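Asker: Spelled out from the first residue to the last, the chains are:
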Amino acid sequence: MSAVFKRGNAEVEANLTPMIDVTFLLIVFFVLVSRIVEVENVPMELPRPDQPETVRPGDEQRAVINVIPTGGGRASGYRLGSRTFPPGADGLETLADHLAGLYRANPGLRINLRADRATGYEWIEPVLAAVSSAAARVEVAAVVPRVNLVVITEE
Amino acid sequence: MASSAPATGPRRDPPGNATGAGLSTPVPPRGSGRRRRGRARMALNLTAMIDVVFLLLIYFMVATEFKLGEEIYRLDLPPRQPAAQLRDPFELDEEPLRIEVASTGYARGAYSLRIEGPYRQPASFEELFEFLRQRQITEHTVGGLFEPDHPMVIVPTRTTRWEHVIDVFNALARAHYTNVTFAKPR
Numbered sequence: 001m002s003a004v005f006k007r008g009n010a011e012v013e014a015n016l017t018p019m020i021d022v023t024f025l026l027i028v029f030f031v032l033v034s035r036i037v038e039v040e041n042v043p044m045e046l047p048r049p050d051q052p053e054t055v056r057p058g059d060e061q062r063a064v065i066n067v068i069p070t071g072g073g074r075a076s077g078y079r080l081g082s083r084t085f086p087p088g089a090d091g092l093e094t095l096a097d098h099l100a101g102l103y104r105a106n107p108g109l110r111i112n113l114r115a116d117r118a119t120g121y122e123w124i125e126p127v128l129a130a131v132s133s134a135a136a137r138v139e140v141a142a143v144v145p146r147v148n149l150v151v152i153t154e155e
Numbered sequence: 001m002a003s004s005a006p007a008t009g010p011r012r013d014p015p016g017n018a019t020g021a022g023l024s025t026p027v028p029p030r031g032s033g034r035r036r037r038g039r040a041r042m043a044l045n046l047t048a049m050i051d052v053v054f055l056l057l058i059y060f061m062v063a064t065e066f067k068l069g070e071e072i073y074r075l076d077l078p079p080r081q082p083a084a085q086l087r088d089p090f091e092l093d094e095e096p097l098r099i100e101v102a103s104t105g106y107a108r109g110a111y112s113l114r115i116e117g118p119y120r121q122p123a124s125f126e127e128l129f130e131f132l133r134q135r136q137i138t139e140h141t142v143g144g145l146f147e148p149d150h151p152m153v154i155v156p157t158r159t160t161r162w163e164h165v166i167d168v169f170n171a172l173a174r175a176h177y178t179n180v181t182f183a184k185p186r
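Chains as they are written, first to last, in our numbering: chain A, 1 to 155; chain B, 1 to 186.
These are calculated hints, taken from the structure and not from any lab test.
What you are looking at is a predicted structure, and each value in this text was computed from that prediction instead of being measured.
Mixed in with the good hints, there may be bad ones.
To be clear about the criterion: a stretch of chain B counts as covered by chain A if any three or more of its residues have a C-beta under 8 angstroms from a C-beta of chain A, and this derived list gives those stretches [unchecked claim]: (1) 70 to 77; (2) 130 to 141; (3) 159 to 173; (4) 179 to 185.
C-beta atoms are modelled at their ideal positions from N, C-alpha and C, and glycine is treated no differently.
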């Protein structure tokens with residue numbers, strides 16, 4: 001005896017499984033991407049020069065140093081990847097050591113420097129000095145401290 | 001054992017039955033133009049998915065339209081090595097052109113510029129660019145003073161806003177000077 005019984009009208013239902021799959025995939029994608037971007041780029045207002053003579057970032061290996069703004073033209077530290085280095089001699093020395101390690105692993109590394117447009121130069125110049133110092137600590141003659149100054153342009 | 005029609009199934013009247021009693025889909029009266037025969041067709045309702053796809057499409061179009069792109073200036077810092085290794089002892093010093101920049105307020109246009117030397121001082125970044133372009137030694141300029149690789153030093157104060165430092169760098173980049181460095185803050 002058949003166990004299938006049909007009563008009344010045939011019910012038409014949309015199969016929502018693929019849509020839920022796609023939605024969850026999108027959620028996972030955006031969560032991951034937003035976290036990566038947040039870690040690499042601290043929110044700030046980058047300089048926006050008039051008639052910029054800039055270039056688009058290439059595919060070269062790079063590390064991003066963010067000068068974390070706190071208002072009033074000051075900075076609270078320097079972010080490289082997921083690590084934050086405090087301002088001051090000790091923090092900058094640690095930053096230079098960390099950069100030297102990156103240079104040893106990849107002598108062609110470029111450093112992207114992101115700083116808020118209102119940040120005072122006294123908070124940014126030590127980063128340039130730390131990059132130069134890190135390159136000098138590496139025993140590879142080919143290391144040239146190359147920095148990319150990041151600005152924003154209207155497309 | 002012969003099976004008969006299930007007693008619990010939908011009862012189907014023969015076509016043309018005007019009463020429609022017991023039908024799964026009521027039969028429209030004659031002359032209405034709609035007739036359904038046989039089983040009801042199952043179709044996937046794609047409306048919701050199309051809605052979502054269009055929303056995503058609009059989102060990406062809008063986000064792309066107003067996206068501000070990050071671009072870069074390339075800068076090679078001078079390596080920190082002992083001076084004896086860097087310099088040729090027989091090479092004459094090439095005096096760098098030092099450009100001082102200071103912020104005089106919080107506004108974008110609140111800044112001051114000064115070029116070291118007996119030059120007409122620029123009042124704006126555009127004037128600085130014109131000065132740098134006109135004084136460059138090229139095939140097309142007369143009376144140029146500086147080669148494209150002449151050392152140029154940007155000298156900000158401690159409190160100079162980063163955007164003003166970048167504006168000076170941009171003027172040098174627009175004029176195609178290639179040997180640009182930053183000094184320690186004044």
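Asker: Hint by hint, note whether the structure agrees.
Answerer: Results of checking the hints against the structure:
1. With 8 residues bearing a CB less than 8 angstroms from a CB of chain A, the stretch 70 to 77 of chain B meets the requirement of three and the coverage assertion stands.
2. With 0 residues bearing a CB less than 8 angstroms from a CB of chain A, the stretch 130 to 141 of chain B misses the requirement of three and the coverage assertion fails.
3. Check on the stretch 159 to 173 of chain B: 11 of its residues sit with their Cβ under 8 angstroms from a Cβ of chain A, so the three-residue criterion for coverage holds.
4. With 3 residues having a beta carbon nearer than 8 angstroms to a beta carbon of chain A, the stretch 179 to 185 of chain B meets the requirement of three or more and the stated coverage holds.
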